[in-house]
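Engineer: Chains as they are written, first to last, in the working numbering: chain A, 241 to 411; chain B, 3 to 412.
What the hints contain is simulated information worked out from the structure, not anything from laboratory work. Using N, Cα and C, we set each Cβ at its ideal position, and we do this for glycine too. Any given hint might turn out to be false.
Said to hold, decoys possible - Each pair of labels, with its calculated beta carbon distance range:
no.	chain 1	residue 1	chain 2	residue 2	range
1	B	A371	A	Q370	21 to 29 Å
2	A	L386	B	W351	16 to 24 Å
3	B	L359	A	S375	42 to 50 Å
4	A	S309	B	S62	40 to 48 Å
5	B	A97	A	G369	51 to 59 Å
6	A	L386	B	P356	20 to 28 Å
7	B	R342	A	A334	47 to 55 Å
8	A	A346	B	A120	54 to 62 Å
9	A	A334	B	G372	55 to 63 Å
10	A	L386	B	A76	32 to 40 Å
11	A	Q370	B	R399	58 to 66 Å
12	A	S375	B	F221	55 to 63 Å
13	A	R263	B	D41	29 to 37 Å
As the list claims (entries may be wrong) - Example chain B residues on the side facing chain A (calculated, C-beta under 10 Å, incomplete):
no.	residue
14	D41
15	I123
16	V126
17	F155
18	A171
19	F176
20	V205
21	L392
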Amino acid sequence: MTPLLILTPLILLAALGAVWNARPVHAALLLALALALIAVLYLIIGADFIGLVQFMVYVGAIAVLIVFSLLITRPGDEAEELARRPRSLVTGLACVLPVLAILVYAVSRVVKFPDAPVENPSVSIAQVGQVLFTSYAPAVLTVGVLLTAVMIGAALFARDPGKNPQFPSDS
Amino acid sequence: MTLLENLQHANPALWSPEWLPRLPQRLVEILLQSCGAPDWLVTLAGLFVAAGTVVGVFLSAFALLSLIERKTLARAQNRIGPNRAGWFGILQPVADGIKMLTKEDIVPAKAEWLLHLAAPILIVVPPILALGVIPYGREWVPVRVELGLLFFFAVGTLTELSVFMAGWASGSKFPMLGAMRAISQMVSYELPLMISALGVIMVTGSLSLPAIVAHQAGFHLGFIPAWNLFTPWGLSAGLIFYVASIAEANRCPFDLPEGESEIVAGHMTEYSGFKYALFFMGEYLGLFSIAGLGVTLFLGGWQAPLPGLGLVPSWIWFFAKLAVVIMSYLWIRATFPRVRIDQLMRFAWLCLIPMALLTIPAAAIWHYAGGGVLGWLATVPLLLIPWVVLTVVYNRRLAPTTRSYTFADS
């Protein structure tokens with residue numbers, strides 16, 4: 241219990257820092273920190289596979305992607321960003337609160353907290369794979385199709401219709 | 003029990019050469035046990051000593067390799083190399099270390115000092131963590147992790163963030179460009195690296211690195227070791243892994259992030275003194291860890307290369323294989339010129355990733371055919387034909403030829 245009590249405030253602090261920090265790069269790095277700490281949380285509660293995958297996907301891929309797009313796009317004036325903050329706070333809350341309410345409702349329906357299991361459940365990676373490719377196969381396939389569509393779309397956007405300086409033809 | 007009795011009743015194999023690398027850990031554990039320390043303290047102290055052993059071994063290997071590399075490159079270029087410090091230059095790493103430690107530590111005025119300081123520290127962490135899960139010998143596995151391979155790749159992703167921090171926090175143009183190059187290269191080559199490891203996972207049926215080594219035990223026809231490299235899919239995946247590991251370790255010919263003639267020293271430009279040395283340490287430890295993983299996945303880990311060599315401790319075989327792989331890296335560095343960034347990216351996305359994806363069905367077919375002649379007949383055409391076709395097509399049509407520059411041409 242104690243590790244959780246230390247870890248959760250740290251995650252919250254890092255996440256709040258990511259939201260409130262005016263400099264995009266600092267915000268991105270704090271977000272990466274928050275995601276990494278969530279991975280540690282998973283490791284502590286015994287969900288090794290989820291924890292490592294969380295680290296690999298979110299810290300390794302998503303955070304690097306955010307950071308990389310920051311490097312390429314060169315974000316605009318930071319003072320202007322600050323001025324727009326009150327409105328973005330309202331819209332942000334309007335987006336987040338319904339999702340939070342749905343999450344809390346869904347979790348409270350599934351888990352009755354006083355009766356929640358005290359022992360860490362031990363799930364092997366073989367079981368995860370089994371469930372993922374049998375009962376959740378439609379979801380996995382749907383995500384696969386979605387990601388492929390996104391990839392094709394991204395490739396279409398990235399392609400320069402005219403002269404492509406990156407990959408010249410043999411001339 | 004007294005310490006002496008504890009030592010006498012300890013595992014009788016404790017003093018055998020097989021156990022030698024773990025002797026410090028066992029001794030500390032026995033010592034603490036006879037002092038009546040609680041169990042968690044014994045385990046914790048044992049793990050600390052085990053980690054210390056690994057770090058000590060690889061830091062000495064780093065010092066040794068820096069000398070061997072300079073000597074080898076010098077011989078390849080018809081020079082003598084370092085020969086002043088000590089006998090045949092053997093004290094050169096010590097001299098280098100003292101030089102690095104006594105140099106002035108410069109932080110640029112425009113740098114963000116906290117990130118600038120954190121980057122060289124964070125860059126050493128992932129390779130050390132990754133080295134902790136590799137099985138070096140039959141008995142020498144510093145930390146047994148069930149999901150070892152996943153752990154290896156998960157901690158490895160931290161390198162990209164620390165490279166970004168180094169490049170961005172320096173507050174200068176060359177580090178930023180170098181970091182962009184380094185990250186795009188690492189992201190692109192991490193894909194074939196991971197995908198080529200998938201076949202091994204599928205055939206072994208486990209993510210645990212000791213299990214992967216154990217699966218490669220035995221010999222075909224009495225003398226060909228049953229390593230993954232000696233299967234059609236394993237050869238293909240192993241070659242892809244080898245190329246991708248050179249790029250992942252930022253070694254020549256893929257050392258674009260530090261191309262001296264183009265971008266000074268990439269993300270390390272604004273670092274000096276010991277921080278600069280830490281970057282090199284991280285790079286070399288990363289080299290050891292990725293080569294060690296390659297040895298574990300494809301070259302049978304600590305398994306002996308020929309039958310009847312059981313007397314030699316298994317960790318000697320691991321380090322012999324590691325030395326061969328690293329010497330091949332040196333050879334490549336001495337031989338090939340540096341590639342261009344568009345050649346690098348194109349090669350990864352058009353050649354390595356499709357071929358790495360093909361090794362997955364090949365491994366599956368091999369697994370269900372149960373290896374043997376049937377497996378060979380089914381997988382060799384599946385891999386060989388695309389290899390040949392892709393090589394021809396890539397060389398004729400797809401490979402970038404002349405470079406044009408967006409702003410310089412018009």
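Engineer: Now look at each hint and say whether the structure bears it out.
Structural biologist: Results for each hint:
no., hint, result
1, A371/B with Q370/A: 21 to 29 Å, "23 Å, holds"
2, L386/A with W351/B: 16 to 24 Å, "21 Å, holds"
3, L359/B with S375/A: 42 to 50 Å, "26 Å, violated"
4, S309/A with S62/B: 40 to 48 Å, "41 Å, holds"
5, A97/B with G369/A: 51 to 59 Å, "53 Å, holds"
6, L386/A with P356/B: 20 to 28 Å, "22 Å, holds"
7, R342/B with A334/A: 47 to 55 Å, "49 Å, holds"
8, A346/A with A120/B: 54 to 62 Å, "38 Å, violated"
9, A334/A with G372/B: 55 to 63 Å, "59 Å, holds"
10, L386/A with A76/B: 32 to 40 Å, "54 Å, violated"
11, Q370/A with R399/B: 58 to 66 Å, "43 Å, violated"
12, S375/A with F221/B: 55 to 63 Å, "42 Å, violated"
13, R263/A with D41/B: 29 to 37 Å, "47 Å, violated"
14, D41, "19 Å, violated"
15, I123, "14 Å, violated"
16, V126, "17 Å, violated"
17, F155, "6 Å, holds"
18, A171, "9 Å, holds"
19, F176, "14 Å, violated"
20, V205, "15 Å, violated"
21, L392, "17 Å, violated"
In terms of the numbered hints stated before, the structure departs from hints 3, 8, 10, 11, 12, 13, 14, 15, 16, 19, 20 and 21, listed from lowest to highest.
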